[in-house]
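Work out the full structure, taking the sequences as your base and the hints as a guide.
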Amino acid sequence: MNRCTNFVLLAAVLAAGLAGAQSTSTAKTPAKPMSGMNRCMQVLKAKVNLNRASMADLQCLKGVSPTIAKYIVANRPFKDGNDFARKIEVIGHRLWNDNKASLTFWSQRGGLNKKGS
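Mature numbering (1 follows the signal peptide of the UniProt record, and there is no 0) puts the sequence shown at residues -21 to -1, 1 to 96.
Please keep in mind that the hints were generated in silico from the structure rather than gathered at the bench.
These numbers come from a predicted model, not from an experiment.
All C-beta atoms in this analysis are idealised placements derived from N, C-alpha and C, irrespective of residue type, glycine included.
Some hints here could point you the wrong way.
When the alpha-carbon atoms are kept at most 25 Å apart in a straight line, the in silico PhoX-like pairs for lysine-lysine are as follows [claimed, not checked]: (1) K24 <-> K49; (2) K26 <-> K79; (3) K79 <-> K24; (4) K79 <-> K58; (5) K26 <-> K49.
Computed beta-carbon distance windows for the label pairs [unchecked claim]: (6) E68 <-> N17: 31 to 41 Å; (7) S14 <-> K58: 32 to 42 Å; (8) K79 <-> V52: 27 to 37 Å; (9) M34 <-> R73: 14 to 24 Å; (10) Q21 <-> K79: 10 to 20 Å; (11) K58 <-> M16: 29 to 39 Å.
Here you go:
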């Protein structure tokens, strides 16, 4: 074989190897988000108590970033949706409206759950 043919074969082998390595790494990537999605589905099904939820649980809510989750935790406790919207200022009304079916403020005993209790 001539030198040009050897180069083409080498390039083809390397390209095939890189393609195989790339498909292997992308095949593993979706597993991590799926476990997070499954956890969030369970959290939202059980309802998120805004006065007791962890930052990870708060981030399962639509529109809640890590920064917003920290802000929610820092402004607890909340009496109701209006109190939440007032304390969270500009985005509180939107967050409440987008997530109210998944939110609660009350414990199963009927009392307001406060931070740290």
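**Request:** Go through the numbered hints given earlier and state which of them the structure violates, listing their numbers in rising order.
**Result:** 8
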